[in-house]
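A.B. asks: In case you want the letters, here they are:
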Amino acid sequence: MADASLGLWTVPLAVFGGAIRVSTPFLFVSLGECITERSGRINLGLEGTLVMGAMSAYGISYLSGSPWLGVLAAGITGALFGALHAGICSLPRVNDIAVGIALMLLGTGLAFFLGKPLIEPTAARLPAIDFGWWSDVPQLRAALRINVLFLIGVAIAPLLYWAFRTTRWGLLIRTAGESADAARAMGHSVLLIRLRATMVGGFLAGIGGSFLSLFYPGSWNEGLSSGQGITAVALVIFARWDPMLCLWASLAFGGAAALGPALQSVGVTSGYHLFNAAPYILTLAIMIITCSPKRTLTGAPAELSITR
Amino acid sequence: MDFGRISRRHLLQGSAALALGSTLGARGAAAAETTVGFIYVGSRDDYGYNQAHAQGAAAVKKLPGIKVVEEEKVPETDAVEKTIESMINLDGATLLFPTSFGYYNPHVVKMAAKFPKLHFEHCGGLWSDKDPKNAGSYFGYIDEAQFISGIVAGYSTKSGKLGFVAAKPIPQVLRNINAFTLGARLANPKATTQVIFTGDWSMPVKEAEATNSLIDQGVDVLTCHVDGPKTMVENAARRGAMVCGYHVNQSPLAPKAYLTGAEWNWEALYPKFVKMIVAGEAIPNFYRGGLKEEIVKVSPYGEMVSAEARKHADDVKAKFMSGEFAIFKGPIVDNKGKTVIAGGTDRGQQDPELEKMDYLVEGVIGATA
Numbered sequence: 002m003a004d005a006s007l008g009l010w011t012v013p014l015a016v017f018g019g020a021i022r023v024s025t026p027f028l029f030v031s032l033g034e035c036i037t038e039r040s041g042r043i044n045l046g047l048e049g050t051l052v053m054g055a056m057s058a059y060g061i062s063y064l065s066g067s068p069w070l071g072v073l074a075a076g077i078t079g080a081l082f083g084a085l086h087a088g089i090c091s092l093p094r095v096n097d098i099a100v101g102i103a104l105m106l107l108g109t110g111l112a113f114f115l116g117k118p119l120i121e122p123t124a125a126r127l128p129a130i131d132f133g134w135w136s137d138v139p140q141l142r143a144a145l146r147i148n149v150l151f152l153i154g155v156a157i158a159p160l161l162y163w164a165f166r167t168t169r170w171g172l173l174i175r176t177a178g179e180s181a182d183a184a185r186a187m188g189h190s191v192l193l194i195r196l197r198a199t200m201v202g203g204f205l206a207g208i209g210g211s212f213l214s215l216f217y218p219g220s221w222n223e224g225l226s227s228g229q230g231i232t233a234v235a236l237v238i239f240a241r242w243d244p245m246l247c248l249w250a251s252l253a254f255g256g257a258a259a260l261g262p263a264l265q266s267v268g269v270t271s272g273y274h275l276f277n278a279a280p281y282i283l284t285l286a287i288m289i290i291t292c293s294p295k296r297t298l299t300g301a302p303a304e305l306s307i308t309r
Numbered sequence: 023m024d025f026g027r028i029s030r031r032h033l034l035q036g037s038a039a040l041a042l043g044s045t046l047g048a049r050g051a052a053a054a055e056t057t058v059g060f061i062y063v064g065s066r067d068d069y070g071y072n073q074a075h076a077q078g079a080a081a082v083k084k085l086p087g088i089k090v091v092e093e094e095k096v097p098e099t100d101a102v103e104k105t106i107e108s109m110i111n112l113d114g115a116t117l118l119f120p121t122s123f124g125y126y127n128p129h130v131v132k133m134a135a136k137f138p139k140l141h142f143e144h145c146g147g148l149w150s151d152k153d154p155k156n157a158g159s160y161f162g163y164i165d166e167a168q169f170i171s172g173i174v175a176g177y178s179t180k181s182g183k184l185g186f187v188a189a190k191p192i193p194q195v196l197r198n199i200n201a202f203t204l205g206a207r208l209a210n211p212k213a214t215t216q217v218i219f220t221g222d223w224s225m226p227v228k229e230a231e232a233t234n235s236l237i238d239q240g241v242d243v244l245t246c247h248v249d250g251p252k253t254m255v256e257n258a259a260r261r262g263a264m265v266c267g268y269h270v271n272q273s274p275l276a277p278k279a280y281l282t283g284a285e286w287n288w289e290a291l292y293p294k295f296v297k298m299i300v301a302g303e304a305i306p307n308f309y310r311g312g313l314k315e316e317i318v319k320v321s322p323y324g325e326m327v328s329a330e331a332r333k334h335a336d337d338v339k340a341k342f343m344s345g346e347f348a349i350f351k352g353p354i355v356d357n358k359g360k361t362v363i364a365g366g367t368d369r370g371q372q373d374p375e376l377e378k379m380d381y382l383v384e385g386v387i388g389a390t391a
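Listed in order, the protein sequences are those of chains Z and W.
Residue 2 is where the first sequence starts when you use my numbering, and the numbers rise one by one after that.
Residue 23 is where the second sequence starts when you use my numbering, and the numbers rise one by one after that.
What the hints contain is simulated information worked out from the structure, not anything from laboratory work.
One or more of the hints may lead you astray.
Stated by the list, open to error - Below, computed lysine-lysine pairings styled on DSSO-like, alpha-carbon distance capped at 30 angstroms:
| hint | chain 1 | residue 1 | chain 2 | residue 2 |
| --- | --- | --- | --- | --- |
| 1 | W | Lys278 | Z | Lys117 |
| 2 | W | Lys95 | Z | Lys117 |
| 3 | Z | Lys117 | W | Lys84 |
| 4 | Z | Lys117 | W | Lys89 |
Could you build the full structure based on these sequences and the hints that come with them?
C.D. replies: Structure below.
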């Protein structure tokens, strides 16, 4: 292509590229939260887990030189935060939402504190796979430089969908989420199931954080997440606790985040604040369309403190 | 002495005296030197606005007889008053640098009235006649350095398309965008600058998306006006575009892609201020300057900058240094075709009209609202 510019085609391309680039943290956090909520608990602290994951991944990658060790460290940090949440929530009369908010503040505060010396150095980044080798269009090639974490996230979604339906583990998690009494009657410890579900959820959220600091935008700083963890938790609700819908919703959010800058780059300059707010408008719209005063949310686990 | 007979009261008295003695001792030692307090709105090593100030503070630290206290991430609220009071009461600071724009009114003004013997130097250039005389506000005309960046960018671009990732359409940002574009068009009259506003000072994901969108549009040289340029610089370099930095020298982040950049030169200004205070001289309440006054500077040129670009940029820099050059020299037309500065009118750096800038000059693609 002789002309380096694509004109208006940049917008759909940027939304497509943005869907891939920006969606990964949403995807991991929402899938993790999906597991946790299906077991009957809400972990609002995933924003803190995401930021802690981003910080620890960057730190470990910087110190060890291996970004994959960073990803692992982020996952472990996330799992520890999940264990903390589940541990506190297993005490009698503890509200999981309040604990979540406390852990969100703890996670972000601790990450900012420990991450202070990490703002300046540059850590080793995760590699990208070039899926656009067949194309001559540099813009498309750039959009198709995809990180493995995104592919893993995309693969986890159907796997979870399948696991919830057909595996014993999936059934146990759902039982704990729908009726704790039934799970107990079957001879299982509800607290133990929820502990594991929250830890797995935290593990995934931590990995989502590692994507932020190690791939895109690709460095550690304090504005890195700016609420993506919380958005992803909300995303689970409108994805109706369905892992496949979590995937589509994450992609839609990623694309919506790219819309504002892309429109400005082709000269649509009026109302960019509105376009920048696109993800949030999308959330509100879907919430309004799907909510009804006559019934509870379809698909909501019965044991969740918001539905009980 | 029979230790068994030491009563708890004696022990307390003794240790209190000891503690008092050591505090007094410390105070006595502190009185011999001047303590300077620096307050930052963000993190000190952000490769951006706050790091520029911290580098200035580091230069002050090297002066003999000066002690520096610093606090970072102080929000632009009552919190800054508490920080100022604790720096004064606990550390004995006599000169304070609250470095963020929003600290000034009402917080710094209030503190300056409360501590009339101490000095307050605020970064932002907001002092007016009604404010306390022991407060001052300084700022730099960094658009001069942006103009030089623009010249270098104009020579370096192959597509003739430049990109600017900006936070908000406020006068200072618009002035930088316009100066950058005017500089670029001096080198390449056909060059255009595409601007994207992200909406806030620190939005890493938006900044990265803006960078990618600009490059998708064929932009090959980017610069920015956000708090931390690191995201833009790293992401642009990864896509093979060239960059001009902002706030501090970001060349270590992208040594091959870094052309030049507009930097603050607080490490020259702050020691100067401190020496003036120590010598008992008064710092003007309203202190401003550009390249000539050493308040801003231009990063060393990167290896990709051609000899022609270097020469042109150095010539213009020399004109700034002699004080005979005006960036905003009429006639200047905005990007909607309206004449904003009439022919024959030179708006020099000190011109208050420039502080009200609400337009983008011809050659900028974008809108202020």
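A.B. asks: For every hint, state whether the structure bears it out.
C.D. replies: Consistency of the hints with the structure:
1. Lys278(W) x Lys117(Z): This hinted pair holds, its Cα atoms lying about 27 angstroms apart.
2. Lys95(W) x Lys117(Z): Given pair Lys95(W), Lys117(Z) holds - Cα atoms ~11 angstroms apart, limit 30 angstroms.
3. Lys117(Z) x Lys84(W): Cα-Cα ~23 angstroms, so holds.
4. Lys117(Z) x Lys89(W): 23 angstroms, holds
Checked against the numbered hints given earlier, this structure breaks none of them.
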